[in-house]
Amino acid sequence: MNITIIGAGYVGLVTGACFAELGNHVFCIDINEKKIHDLNQGILPIYEPGLEEMIISNTQQGRLQFATSLFAVSAEPDAIFIAVGTPSDEAGAANIQYVLDAAKDIGNKINKYCVVVDKSTVPVGMADQVQQTIQHTLQQRGLIISFDVVSNPEFLREGAAIEDFMQPDRIIIGLSSEHAKKMMSDLYSPILRNPVLRNPERIYFMSVKDAEMTKYAANAMLATRISFMNEMAVLCEKMDVDIEKVRIGIGSDARIGSAFLNAGCGYGGSCFPKDVRALVKMAEQHQVQPVILQAVEQRNALQKHILSERVTDIFGEDLSDITIAVWGLAFKPGTDDMREAASLVFIENVIKRGARVHAYDPAAMQVAKTMPVVAHWLQSGQLSLTENQYDALRDVSVLALVTEWKLFCYPDFAAMKNLMCQPIILDGRNQYNPEQVRAAGFEYYGIGRRKQQIKKRQLVETLVEEIA
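In this note's numbering, the protein residues as written are -18 to 449.
No lab work stands behind these hints, which were simulated from the structure alone.
EDC-like, lysine to aspartate or glutamate: derived pairs with alpha carbons at most 20 Å apart:
id : residue 1 : residue 2
1  : Lys85     : Asp109
2  : Lys437    : Glu424
3  : Lys436    : Glu416
4  : Lys333    : Asp299
5  : Lys262    : Asp109
6  : Lys163    : Asp191
7  : Lys398    : Asp372
8  : Lys387    : Glu144
9  : Lys387    : Glu225
10 : Lys16     : Glu34
11 : Lys313    : Glu144
12 : Lys432    : Glu416
13 : Lys163    : Glu57
14 : Lys93     : Asp167
15 : Lys219    : Glu424
16 : Lys162    : Asp109
17 : Lys398    : Asp376
18 : Lys90     : Asp59
19 : Lys436    : Asp299
20 : Lys436    : Glu290
21 : Lys432    : Asp294
22 : Lys262    : Glu321
23 : Lys333    : Asp294
24 : Lys85     : Glu57
25 : Lys387    : Asp372
Ranges between beta-carbon positions, derived for each pair:
id : residue 1 : residue 2 : range
26 : Glu329    : Ile273    : 27 to 35 Å
27 : Ile12     : Ala72     : 22 to 30 Å
28 : Ala240    : Tyr185    : 18 to 26 Å
29 : Ser158    : Gln120    : 16 to 24 Å
30 : Lys432    : Asn76     : 39 to 47 Å
Idealized CB from N, CA, C, for every residue including glycine.
Hey, can you work out the whole structure from these sequences and the hints?
Dropping the structure here:
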């Protein structure tokens, strides 16, 4: 098929590259001229394992092309995917302007039947607005052209997006036309024939609104599980209970399962925060009080402060004599995405109290430098980005693990202890075994790992000075 993808961001690039890999001819469109120029040179704007090789290979073979305008596409598309961003607006609702702009461009472009596929995460009912916008634009052109608008939400995990696309748990398609159903079935048939799939029949057809809501409900459920476990972790610590033992215990229940039950220092990224906010807004617009969703947001906001609160518990509010190491800047391992990352909240909180921070991340360093707030911290000297994880530890009083990258799993604790001026580890993802870390000579503080006796450094040092 001839496929056009509007939007060369995370979803658009993965979708375009994977469809090209399956033998389709794909055009990816983005108005960002620098991004398109870089993509034509094989330079990606995002980090995603395996994506660079796939894009370069399919570009060289002529199946994948990039352009800044829909009108640069010579072939008439059989399917046009809208994969533009829907960021939160000031009120928390999804900003749909980019989707409507894409719909208008489609109305000005098409000259024959095609399927228009909403891949962006859009509010329920958005397909109707896309339909109306395209129809109105066609009328302005004096044309009568049939088309179908389909909802095909993405469920890609950053860091495992290619696997998720090629070996999906499910494919959700919302539509109301048999013609569109046949085209979408044909488009996804190579994936469904994949012998690796545990259930090759996992393609679900439903109404467009059902599909739009499925995307929001799925992300809200996962965010809810995370926030629930984070709240349980806070309670566990107060009650001298280990959240990790609780996680294993409840995860073994087939009705619950083990996914998304890890306690930590809060979720971030481009999906969960904005989708929960958007769903809250949709509920309010329909006079439904989103009690659970609001609690999910509130717990996550509180959780992002938990590591910095632990620092002040140990050293007091004045951190002007303290240097802190941060391992991990991205919101999760396997990506360079720092949108709403817990690391940003932690670094901001300790810098406000006078601390200096050394940070390292294996993928997100360049992205960090492009963020205005990070650039300000770097310029002021309050933050430095180091060449490797151990450089970040030189003469620091505490290490905060914020992102659980694999290379942080089995560090050299002896080398770490020699580099740090005080051997304290704050494990924001419960990655380490507390007994092993303490046996290596460190003070260890996890999330919900039983009651943890805080050794207040500032108070102890002050008393020592007074006695002397």
